[in-house]
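Protein chains: 2
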Amino acid sequence: MKWTKTHIFTLKEAPSDAEIPSHKLLVRAGFIKKLAPGLYTYGALALKAIRKFENILREELNKEDAIEVLMPVVHPKELWEETNRWGEMGAGLLKFKNRNNHEFCLAATHEEAVVDYVRHELKSYRDFPKNIYQIQTKYRDEIRPRFGLMRGREFSMKDAYSFDIDQEGALKTYDKMYKAYQRIFDRLGLQYRIVQADAGNIGGSQTHEFQLLADAGEDALLVSDKTQFAANIEVCPAIDPVPYVSPHTSELPVEKFATPGAKTIADLEKLTGIPAKELVKTLYFSANEGLDPKDKSLKAFAVLLRGSDEVNPIKVKNLLKMTNPPLMLTDEEVKEVTGANPGSCGPVGLQIPIYADNGVQPLKNYIVGANEDGFHLKNVNHGRDFQITQVADLRMAREGDKCPESDGRLKPYRGIEVGHVFYLGQKYAKKMNGVFLDKNGKSQFYEMGCYGIGVTRTVQACIEQSHDQDGIIWPKAITPYHVHICHLDPKDESATAYVDVLTKEIETRNWEVLVDDRDERPGFKFKDADLLGFPVRIVVGKKGLEGNQIEVVNRKTKEVFKLPKEAVVQKVFELLGN
Amino acid sequence: MKWTKTHIFTLKEAPSDAEIPSHKLLVRAGFIKKLAPGLYTYGALALKAIRKFENILREELNKEDAIEVLMPVVHPKELWEETNRWGEMGAGLLKFKNRNNHEFCLAATHEEAVVDYVRHELKSYRDFPKNIYQIQTKYRDEIRPRFGLMRGREFSMKDAYSFDIDQEGALKTYDKMYKAYQRIFDRLGLQYRIVQADAGNIGGSQTHEFQLLADAGEDALLVSDKTQFAANIEVCPAIDPVPYVSPHTSELPVEKFATPGAKTIADLEKLTGIPAKELVKTLYFSANEGLDPKDKSLKAFAVLLRGSDEVNPIKVKNLLKMTNPPLMLTDEEVKEVTGANPGSCGPVGLQIPIYADNGVQPLKNYIVGANEDGFHLKNVNHGRDFQITQVADLRMAREGDKCPESDGRLKPYRGIEVGHVFYLGQKYAKKMNGVFLDKNGKSQFYEMGCYGIGVTRTVQACIEQSHDQDGIIWPKAITPYHVHICHLDPKDESATAYVDVLTKEIETRNWEVLVDDRDERPGFKFKDADLLGFPVRIVVGKKGLEGNQIEVVNRKTKEVFKLPKEAVVQKVFELLGN
Chain Z
1 MKWTKTHIFT LKEAPSDAEI PSHKLLVRAG FIKKLAPGLY TYGALALKAI RKFENILREE
61 LNKEDAIEVL MPVVHPKELW EETNRWGEMG AGLLKFKNRN NHEFCLAATH EEAVVDYVRH
121 ELKSYRDFPK NIYQIQTKYR DEIRPRFGLM RGREFSMKDA YSFDIDQEGA LKTYDKMYKA
181 YQRIFDRLGL QYRIVQADAG NIGGSQTHEF QLLADAGEDA LLVSDKTQFA ANIEVCPAID
241 PVPYVSPHTS ELPVEKFATP GAKTIADLEK LTGIPAKELV KTLYFSANEG LDPKDKSLKA
301 FAVLLRGSDE VNPIKVKNLL KMTNPPLMLT DEEVKEVTGA NPGSCGPVGL QIPIYADNGV
361 QPLKNYIVGA NEDGFHLKNV NHGRDFQITQ VADLRMAREG DKCPESDGRL KPYRGIEVGH
421 VFYLGQKYAK KMNGVFLDKN GKSQFYEMGC YGIGVTRTVQ ACIEQSHDQD GIIWPKAITP
481 YHVHICHLDP KDESATAYVD VLTKEIETRN WEVLVDDRDE RPGFKFKDAD LLGFPVRIVV
541 GKKGLEGNQI EVVNRKTKEV FKLPKEAVVQ KVFELLGN
Chain X
1 MKWTKTHIFT LKEAPSDAEI PSHKLLVRAG FIKKLAPGLY TYGALALKAI RKFENILREE
61 LNKEDAIEVL MPVVHPKELW EETNRWGEMG AGLLKFKNRN NHEFCLAATH EEAVVDYVRH
121 ELKSYRDFPK NIYQIQTKYR DEIRPRFGLM RGREFSMKDA YSFDIDQEGA LKTYDKMYKA
181 YQRIFDRLGL QYRIVQADAG NIGGSQTHEF QLLADAGEDA LLVSDKTQFA ANIEVCPAID
241 PVPYVSPHTS ELPVEKFATP GAKTIADLEK LTGIPAKELV KTLYFSANEG LDPKDKSLKA
301 FAVLLRGSDE VNPIKVKNLL KMTNPPLMLT DEEVKEVTGA NPGSCGPVGL QIPIYADNGV
361 QPLKNYIVGA NEDGFHLKNV NHGRDFQITQ VADLRMAREG DKCPESDGRL KPYRGIEVGH
421 VFYLGQKYAK KMNGVFLDKN GKSQFYEMGC YGIGVTRTVQ ACIEQSHDQD GIIWPKAITP
481 YHVHICHLDP KDESATAYVD VLTKEIETRN WEVLVDDRDE RPGFKFKDAD LLGFPVRIVV
541 GKKGLEGNQI EVVNRKTKEV FKLPKEAVVQ KVFELLGN
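In the order they appear, the protein sequences are chains Z and X. Last residue of the first sequence? That's 578 in our numbering, and every number before it is there in order. Last residue of the second sequence? That's 578 in our numbering, and every number before it is there in order.
It should be emphasised that the hints constitute simulated quantities derived from the structure, not laboratory data. Since the structure is predicted, the reported quantities are computational estimates derived from the model, not experimental observations. Hints may contain errors.
Since the list can't tell identical chains apart, any single copy or any two copies may satisfy a pair.
Derived SDA-like pairs (lysine to any residue); straight-line CA-CA distance at most 25 Å [unchecked claim]:
no. : residue 1 : residue 2
1   : Lys270    : Asp519
2   : Lys34     : Phe436
3   : Lys491    : Ile388
4   : Lys12     : Phe436
5   : Lys527    : Phe128
6   : Lys263    : Met157
7   : Lys442    : Phe9
8   : Lys97     : Gly290
9   : Lys263    : Thr4
10  : Lys431    : Glu310
11  : Lys52     : Met157
12  : Lys48     : Thr137
13  : Lys527    : Arg126
14  : Lys2      : Glu88
15  : Lys48     : Arg58
16  : Lys52     : Ile67
17  : Lys476    : Arg58
18  : Lys2      : Lys63
19  : Lys556    : Arg521
20  : Lys439    : Thr137
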């Protein structure tokens with residue numbers, strides 16, 4: 001392909017809304033262009049990379065007998081009401097009314113649609129297993145879209161949905177998809193981790209995320225330094241490296257004491273000289289999820305943590321079997337429940353459920369708010385002074401925590417979630433009457449799994465992991481073109497003839513070539529070649545041809561080879577791996 | 001591909017909402033499944049046909065240096081306001097507000113989006129010509145979606161947009177695209193016509209529709225029996241085969257006469273004995289397009305036609321340079337304007353513009369409504385009794401009308417519009433500041449064209465034209481599979497071994513094979529093979545193999561060949577054309 005025959009435009013400056021390198025580079029290289037926040041046009045080059053990644057997805061999924069279909073983007077409300085997700089999905093699900101006043105949404109996921117698609121046809125155990133996938137546009141009404149394709153509104157996903165007759169079959173399918181995903185991300189040749197994760201409002205009991213490692217990743221991961229254990233911080237078990245043993249052997253009498261102006265754990269630490277990790281903080285949440293708009297009740301509960309720990313809302317959600325993480329009470333609501341302002345509140349005397357993190361369990365004779373402004377209580381002990389409803393792991397894990405599988409320690413990474421596999425069980429089958437007749441003629445619910453890969457997100461994530469100060473370094477598997485010929489003298493006939501011959505020879509092995517035939521200065525062309533980032537660059541000019549010296553450059557290593565004409569193609573094939 | 005490894009399900013009965021053969025067949029063969037009215041899931045087989053058609057589109061467009069990109073489905077209101085089409089597009093443009101209360105639409109077409117995409121990059125005359133296309137989901141909020149993929153809400157289109165520096169270049173590009181479209185539809189091997197058409201609210205002065213011929217087509221076409229002339233009835237010039245000459249030589253005095261109960265032309269014909277073609281009817285419309293919601297004025301005008309003719313609202317729209325066809329006045333509005341109920345109204349004494357069809361011009365001493373209930377006027381003559389604002393071609397053309405290019409006659413056809421090419425001129429460039437610097441450094445507006453092909457619609461239209469009472473007859477170019485092997489004894493090892501060998505041999509020439517390996521009766525499999533409609537069927541059973549007699553069937557002609565094993569592959573290649 002000749003540059004002048006396509007539509008490529010590069011920019012010197014990244015737009016002001018681009019915060020991370022991959023977003024800046026995609027825009028600067030003209031791969032994407034913003035129509036509105038979170039809405040991008042994919043240019044010819046970006047589309048080539050996307051299509052190549054789609055084909056990798058198809059190849060690996062078809063190996064597992066997954067069947068490609070295409071479901072609508074627009075769904076009727078009635079479909080989502082069958083699973084209650086019309087309400088549960090929250091404001092991210094974009095809803096609208098059509099001209100006939102019927103309600104619809106732009107689908108963010110397709111569990112309901114796929115069950116509707118198969119539920120009249122999968123009737124007998126002989127119809128299983130089935131694994132149905134699509135590569136389709138999705139929509140999430142992000143409040144603040146950012147990071148380009150990473151957190152956009154309109155994006156492309158590959159989503160697969162599996163149907164099995166029992167749990168054993170479903171877990172076998174889960175395993176096949178897990179391995180297909182490994183093959184897919186292996187083919188990109190990038191660094192990734194498979195981590196334990198939360199199922200969000202998809203539901204399901206077993207789930208793993210595929211995370212491409214990158215400093216700008218939105219997800220915090222913790223990885224064992226001894227085993228294969230890796231988890232998203234959202235669900236990572238928090239285990240103290242050294243168990244705490246209280247120095248107190250007996251429970252002392254409770255005392256109220258004045259703590260004027262002490263509103264935070266830091267204040268209290270300063271005032272009392274007791275370290276934060278031996279203080280107890282009380283947080284207040286509501287278990288009312290707001291799914292029933294008529295239900296305005298507060299349903300308050302408290303969570304106790306050591307002063308040095310952070311609450312993990314996902315763990316609280318999962319403990320209480322909620323659909324979404326609970327909302328914290330407002331200051332007014334806290335006062336209504338405790339009688340005091342936040343900063344002076346504690347668990348003693350409350351009439352609400354109290355959940356305590358594991359870290360609070362071994363503490364004795366500790367300090368908590370007195371539920372009276374400006375006062376705290378010391379020598380408080382659970383069991384004696386108040387009752388804990390349940391002790392559980394409710395804090396955020398952190399670097400240095402113990403590995404749950406060994407005596408190793410956890411190390412932090414940042415990741416970009418590019419894939420996610422879920423074992424769903426019978427959740428959707430039960431809500432949507434997904435039944436089949438088993439071998440004995442008995443009606444049973446089938447078991448499902450769902451499996452997503454962010455197509456456009458992965459393409460950008462590759463760049464986030466693979467770039468340098470000059471531009472993109474495309475993985476060979478999805479690079480729009482493999483070879484970038486900087487044709488320095490496009491008006492020179494013999495140079496052009498050589499470029500044409502060279503292009504054809506390289507194309508014999510199905511490597512794709514872009515020829516920069518613009519009437520521009522060499523330095524300008526080299527800069528653009530680095531920015532676009534195809535694996536191999538060849539520089540062809542009249543002067544080089546006269547001296548029989550052609551420059552071949554490895555984009556990744558910047559290594560330069562000055563070769564006679566007859567050695568060029570061989571070097572290109574060598575650099576590309578065949 | 002084995003039937004049991006994919007997800008194909010056939011139905012005995014078509015759903016009650018399917019009115020035309022192609023819709024019935026697509027559903028019965030399990031190619032599509034309705035999620036909600038106008039929203040369909042494309043099954044594995046349909047998707048294969050769609051992808052093949054998409055590849056034909058890409059191949060032919062890339063030959064013309066068209067560049068594929070992908071633009072968003074969701075567009076912000078501000079974009080469409082630049083061209084006033086936010087209001088002009090009418091209720092078919094689905095609009096919604098997001099969670100931040102910003103307004104968006106689901107794009108039905110992408111002129112605005114593509115101009116926004118290129119307007120900062122196409123700066124110099126050297127950047128032209130450019131032709132940018134995409135294959136993307138489109139949405140139209142149809143009130144009554146019907147005919148399956150033919151008039152759905154969500155559908156797939158290929159839309160291309162060309163940019164040239166002047167009209168000469170733009171018309172050259174138009175011609176290239178016209179020829180590319182011919183090649184595309186030629187490759188389907190189906191009957192189509194290229195007809196003159198109306199530009200609708202896309203705008204533009206030159207436009208052709210590509211119409212696949214089919215009895216169930218929604219468009220009425222008129223085609224010359226002498227020349228290449230063909231037009232959509234919406235724009236077809238209406239020329240009387242024999243010009244009318246009035247028998248009257250002088251204008252007689254007007255007389256009012258009672259016509260109790262005569263409300264229609266047929267009533268009047270009966271009452272007076274004068275044939276409809278010599279009577280004059282008056283229709284009332286409003287020129288208020290409702291684009292400005294504050295403007296509630298009526299802006300009434302009248303259209304005169306012979307009693308035997310039908311008004312063509314598109315011609316009226318174009319004469320008055322309106323954006324959409326005008327709305328007829330309600331009975332109350334007619335009474336307000338004329339003082340009488342429809343049926344007794346006429347042009348005499350009205351204070352509104354009056355447009356007359358060519359057919360009215362030669363009439364003399366004719367009858368019109370008296371604008372008084374129950375009365376008509378006879379011996380009315382324009383010029384004397386009332387003034388015509390403009391005489392024009394305003395009636396529907398019909399079978400037997402004169403060909404505008406010869407002394408031939410027009411013949412009617414029904415067609416399905418599958419493609420449309422428009423020359424747009426500077427309409428969008430002017431509204432969206434699409435400028436470039438010409439050779440002299442002067443800023444100029446560029447010239448555009450736009451070119452659409454309904455992807456999913458074309459796939460269904462192929463079936464509408466190519467089927468029989470037993471099922472689909474796929475055109476070879478887009479058939480999901482080429483060969484359908486009915487494997488009658490899937491449990492027999494040697495039969496299965498033969499089927500495997502046969503499949504591999506056929507696949508060596510890149511023909512695709514579906515093997516029906518279900519545990520079903522032969523008759524059931526044959527019926528499904530006819531329904532699915534792949535070009536060649538092979539029947540393999542234990543018995544046939546023992547007698548060395550394999551059945552090969554041509555789906556289209558139903559011709560059956562009974563052949564020894566060694567002759568099967570050769571016959572298949574012969575039937576498929578290589």
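Tested hints:
1. Lys270 with Asp519: neither (69 Å within a copy, 79 Å between copies)
2. Lys34 with Phe436: between (47 Å within a copy, 21 Å between copies)
3. Lys491 with Ile388: Cα proximity of Lys491 and Ile388: none, with 82 Å in one copy and 64 Å across.
4. Lys12 with Phe436: between (60 Å within a copy, 21 Å between copies)
5. Lys527 with Phe128: Answer is between: at 24 Å across copies they meet the 25 Å cutoff, but 54 Å inside does not.
6. Lys263 with Met157: neither (46 Å within a copy, 61 Å between copies)
7. Lys442 with Phe9: between (63 Å within a copy, 22 Å between copies)
8. Lys97 with Gly290: both (22 Å within a copy, 22 Å between copies)
9. Lys263 with Thr4: The answer is neither: 65 Å in one copy and 67 Å across copies each exceed 25 Å.
10. Lys431 with Glu310: So Lys431 and Glu310 fail the 25 Å test inside a copy (36 Å) and across (55 Å) alike.
11. Lys52 with Met157: both (14 Å within a copy, 21 Å between copies)
12. Lys48 with Thr137: Both: 17 Å inside a copy, 18 Å across copies.
13. Lys527 with Arg126: between (59 Å within a copy, 21 Å between copies)
14. Lys2 with Glu88: neither (51 Å within a copy, 40 Å between copies)
15. Lys48 with Arg58: both (15 Å within a copy, 13 Å between copies)
16. Lys52 with Ile67: both (19 Å within a copy, 17 Å between copies)
17. Lys476 with Arg58: Both, since 18 Å and 24 Å are each at most 25 Å.
18. Lys2 with Lys63: between (36 Å within a copy, 13 Å between copies)
19. Lys556 with Arg521: Within. Shortest intra-copy distance 23 Å satisfies the 25 Å Cα cut-off; inter-copy 60 Å does not.
20. Lys439 with Thr137: neither (38 Å within a copy, 42 Å between copies)
Comparing the model with each numbered hint stated earlier shows that hints 1, 3, 6, 9, 10, 14, 20 do not hold.
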